[in-house]
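Participant: The lines below spell out each chain.
Number of protein chains: 2
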Amino acid sequence: MINRQLKLARRPESRVSLDDFSYEESQPPPVEDGAVLARTLFLSVDPTNRVWMKDVPQYMPPVALGEVMRAGGLAEVVDSRLDGFAPGDLVFGMTGWQDYALLRPGGALGLAKVPTGLDVAPERFLGICGPNGVTAYAGMVEVAGVGEGDTAVVTAAAGSVGSAAGQIAKLRGARVVGVAGGSDKVRMLVERYGFDAAVDYRADDFAEQLRATTREGIDVLFENVGGAVMETAIARMNARGRIALSGMISIYEGRGSTRYDWASIMAKRLKVQGFNLIDCEKLWPKAVGQLVEWLRAGRIVADETIVDGLDRAPEALNLLFDGANHGKMLVRVA
Amino acid sequence: MINRQLKLARRPESRVSLDDFSYEESQPPPVEDGAVLARTLFLSVDPTNRVWMKDVPQYMPPVALGEVMRAGGLAEVVDSRLDGFAPGDLVFGMTGWQDYALLRPGGALGLAKVPTGLDVAPERFLGICGPNGVTAYAGMVEVAGVGEGDTAVVTAAAGSVGSAAGQIAKLRGARVVGVAGGSDKVRMLVERYGFDAAVDYRADDFAEQLRATTREGIDVLFENVGGAVMETAIARMNARGRIALSGMISIYEGRGSTRYDWASIMAKRLKVQGFNLIDCEKLWPKAVGQLVEWLRAGRIVADETIVDGLDRAPEALNLLFDGANHGKMLVRVA
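Protein chains in written order, with the numbering used here: chain A, 1 to 334; chain B, 335 to 668.
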């Protein structure tokens with residue numbers, strides 16, 4: 001049993017490189033009381049990983065230099081000193097970029113067992129039936145209160161969170177327009193995810209496309225991107241619109257301003273609310289239950305893009321920022 | 335009966351001047367069916383008046399060139415063709431900068447009778463028991479949901495809206511810190527309006543003063559100012575804080591950026607909500623009833639600053655932007 005680890009060696013400026021990490025091999029640690037030792041099967045690759053590498057104020061402490069890179073993952077218990085957990089159990093938790101992790105319960109992102117007997121692939125609990133689906137649910141249902149009569153726009157709509165957010169808004173009766181990069185994704189939003197319309201933010205006439213597909217304005221904006229894409233959408237918002245601010249991937253690599261218009265918030269009486277999974281502990285079981293039900297009933301679909309090998313985790317993160325993924329980006333480790 | 339009118343002749347660049355208006359005298363119009371003809375007694379002077387003069391997107395149409403300057407006012411009915419209204423009745427409505435106005439019911443800012451028999455001076459229904467008190471109530475109670483355990487900060491705290499907002503937050507059990515300009519106002523906030531602490535935004539060590547008076551961070555920000563004052567407060571906000579965005583007086587005269595940080599909204603999961611009286615029609619009777627009750631019980635205090643003469647309305651507006659007022663700024667017309 002060799003534990004390969006990628007530890008943050010320096011803070012990347014823009015793109016992430018394998019050279020930003022030190023590679024180490026060691027024995028896995030012995031299991032401790034109240035914990036399990038688990039072997040990582042899949043790593044969840046998320047925009048927020050990039051924020052954790054930066055020494056800036058954020059919703060969790062940044063990853064320290066010399067520390068194993070933090071990441072959520074799906075893992076198999078190999079040893080346990082925690083009641084209710086036994087070798088062979090599938091769990092998710094903050095495994096980090098390594099083969100073996102000591103995991104303990106606690107927090108919305110803490111150790112939890114993967115539900116069994118539901119006919120849902122385990123890795124889906126890292127995406128549509130886990131953090132990404134719950135984020136989509138929290139933003140659309142709890143923050144934005146989307147419903148019938150609303151026009152909802154989702155940015156980064158072909159991603160794991162975005163594709164779920166759009167489908168949830170549809171299930172709640174809204175008209176849904178997705179924003180994504182490239183004609184393949186735009187087509188996929190309509191044909192596979194059932195969006196009413198989709199527009200390409202890379203197109204020269206993006207603003208005109210968005211206007212043409214939101215003739216009655218925008219009531220709900222589920223925002224993953226920030227920057228010019230977000231500002232173009234805000235210009236289309238109706239009075240008393242709601243912006244569920246899930247993320248701003250456009251600024252995580254250190255480029256671009258973080259300063260956007262506030263006069264529109266005032267003039268249009270908008271509600272702009274930042275939200276994060278770490279505040280969703282109470283919502284989690286209800287949302288996951290609903291998502292599993294929708295998934296099994298075929299009322300919601302989800303995709304995964306899988307990159308093979310622990311040492312490709314930095315590359316997978318870059319691919320995510322390039323928008324090269326369809327749906328959930330995963331790294332297969334074991 | 336001569337009707338003096340101030341009509342917007344050109345759009346002011348920064349400061350407002352009497353020269354920006356054309357002065358006209360005419361006969362008052364005849365009363366029309368479903369309306370009253372009313373004689374203006376007091377004009378309400380509000381930061382939003384300045385916005386109405388600008389040809390920019392806003393929550394109402396801007397005042398057109400050649401149109402009587404829009405303003406709320408307290409007036410006495412002199413002729414009526416509206417059921418329930420008779421000569422001598424005191425009313426408030428959008429009188430504008432003129433002696434006589436035709437007023438009709440409708441909307442949160444439409445014609446309404448001043449309640450009588452409550453032992454409350456009529457002009458108070460233009461301030462603490464009217465638009466300003468209801469704005470304060472809406473922001474603190476409905477938008478921010480302020481309560482026990484919260485630290486609430488109010489900017490422009492010595493103004494009509496701000497002084498009411500702070501006192502309402504106190505009545506709801508919060509710890510309240512006011513931000514105002516100059517030592518007189520700072521003293522007044524604590525001694526007269528009962529704020530727990532107050533700081534002077536003009537002081538060199540404003541940020542340090544704010545830090546010292548909000549040791550446990552800020553949970554609720556009732557924002558009237560925008561700009562650097564607001565950004566200093568946002569830097570002190572706690573996770574899941576609420577910003578009730580009532581106004582941004584710092585930008586209404588056309589100076590200063592309207593672009594502020596959004597990364598904090600995300601990182602701290604803040605709720606930022608713009609709100610406006612025009613959306614408060616349902617809240618109005620409940621809020622006014624509560625404010626009158628508090629005022630009569632001596633649980634809330636309010637002040638007025640009165641400038642005499644219709645032709646001094648532009649000057650009164652400038653004084654408001656200079657922060658020369660204590661509490662509600664009014665122009666006495668009749």
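Warning: the hint list may mix true and false statements.
[As the list claims (entries may be wrong)] Taking lysine to any residue and the SDA-like style, the derived pairs with C-alpha atoms no more than 20 Å apart in a straight line are:
1) B/Lys388 - A/Pro61
2) A/Lys170 - B/Asp595
3) A/Lys54 - B/Val524
4) A/Lys268 - B/Gln361
5) A/Lys268 - B/Ala569
6) A/Lys282 - A/Ala112
7) B/Lys616 - A/Arg269
8) A/Lys54 - B/Val390
9) A/Lys268 - B/Lys620
10) A/Lys286 - A/Gln27
11) A/Lys268 - B/Arg549
12) B/Lys388 - A/Ala9
13) A/Lys268 - B/Lys341
14) A/Lys268 - B/Pro395
15) B/Lys341 - B/Asp389
16) B/Lys620 - B/Lys388
17) B/Lys504 - B/Arg549
18) A/Lys268 - B/Lys504
19) A/Lys7 - A/Ala207
20) A/Lys54 - A/Ala9
21) A/Lys286 - A/Leu171
22) A/Lys54 - B/Cys614
23) B/Lys388 - A/Arg269
24) A/Lys54 - B/Met394
25) A/Lys7 - A/Arg39
26) A/Lys54 - B/Ser591
27) B/Lys341 - B/Met394
28) A/Lys268 - B/Asp389
Hints were generated in silico from the structure; no laboratory data involved.
Participant: Against this structure, judge whether each hint is valid.
Facilitator: Do the hints match the structure? See the list:
1. In summary, the hint linking B/Lys388 to A/Pro61 is not supported, as the alpha carbons are separated by about 45 Å, beyond the 20 Å threshold.
2. Among the hinted pairs, A/Lys170 with B/Asp595 is inconsistent with the structure: their alpha-carbon atoms are about 31 Å apart, more than 20 Å.
3. Simply put, A/Lys54 and B/Val524 have alpha-carbon atoms about 42 Å apart, too far for the 20 Å limit, and the pair is violated.
4. A distance of roughly 38 Å separates the Cα atoms of A/Lys268 and B/Gln361; the hinted pair therefore is violated under the 20 Å criterion.
5. As the CA atoms of A/Lys268 and B/Ala569 are separated by approximately 24 Å, the hinted pair breaks the 20 Å bound.
6. Taking the CA atoms of A/Lys282 and A/Ala112, the gap is near 14 Å; set against the 20 Å cutoff, the hint holds.
7. In summary, the hint linking B/Lys616 to A/Arg269 is supported, as the alpha carbons are separated by about 16 Å, within the 20 Å threshold.
8. Simply put, A/Lys54 and B/Val390 have alpha-carbon atoms about 39 Å apart, too far for the 20 Å limit, and the pair is violated.
9. The suggested pairing of A/Lys268 with B/Lys620 is violated, with an alpha-carbon distance near 24 Å, which exceeds 20 Å.
10. A distance of roughly 39 Å separates the Cα atoms of A/Lys286 and A/Gln27; the hinted pair therefore is violated under the 20 Å criterion.
11. Restraint check for A/Lys268 and B/Arg549: not satisfied, since their Cα atoms lie roughly 33 Å apart, outside the 20 Å limit.
12. Among the hinted pairs, B/Lys388 with A/Ala9 is inconsistent with the structure: their alpha-carbon atoms are about 54 Å apart, more than 20 Å.
13. Restraint check for A/Lys268 and B/Lys341: not satisfied, since their Cα atoms lie roughly 27 Å apart, outside the 20 Å limit.
14. Of the supplied pair hints, the one linking A/Lys268 and B/Pro395 holds, its CA atoms being roughly 13 Å apart against a limit of 20 Å.
15. Between the alpha carbons of B/Lys341 and B/Asp389 the distance comes to roughly 15 Å, so the proposed pair stays at or under 20 Å and holds.
16. Taking the CA atoms of B/Lys620 and B/Lys388, the gap is near 33 Å; set against the 20 Å cutoff, the hint is violated.
17. Distance check on the hinted pair: B/Lys504 and B/Arg549 sit about 18 Å apart at the alpha-carbon level, within 20 Å; holds.
18. Note on A/Lys268 and B/Lys504: the hinted pairing is violated, with a Cα-Cα distance of about 29 Å set against a maximum of 20 Å.
19. This hinted pair does not check out: A/Lys7 and A/Ala207 have alpha carbons roughly 42 Å apart, beyond 20 Å.
20. For a cut-off of 20 Å, the pair hint linking A/Lys54 to A/Ala9 stands: about 12 Å separates their Cα positions.
21. Distance check on the hinted pair: A/Lys286 and A/Leu171 sit about 16 Å apart at the alpha-carbon level, within 20 Å; holds.
22. The hinted pair formed by A/Lys54 and B/Cys614 fails the criterion: a straight-line CA distance of about 43 Å is larger than 20 Å.
23. Between B/Lys388 and A/Arg269, the direct Cα distance comes to roughly 18 Å. Compliance with the 20 Å bound is thereby established for this hinted pair.
24. With a C-alpha separation of about 43 Å, the suggested pair A/Lys54 and B/Met394 falls outside the 20 Å cut-off, and the hint is violated.
25. For the suggested pair A/Lys7 and A/Arg39, the alpha carbons sit about 17 Å apart, so the restraint of at most 20 Å is met.
26. At roughly 27 Å between alpha-carbon atoms, A/Lys54 and B/Ser591 are farther apart than 20 Å, so this suggested pair is violated.
27. Distance hint between B/Lys341 and B/Met394 is fulfilled; the C-alpha atoms sit about 18 Å from each other, no more than 20 Å.
28. Note on A/Lys268 and B/Asp389: the hinted pairing holds, with a Cα-Cα distance of about 16 Å set against a maximum of 20 Å.
When held up to the earlier numbered hints, the structure conflicts with 1, 2, 3, 4, 5, 8, 9, 10, 11, 12, 13, 16, 18, 19, 22, 24, 26 and fits the remainder.
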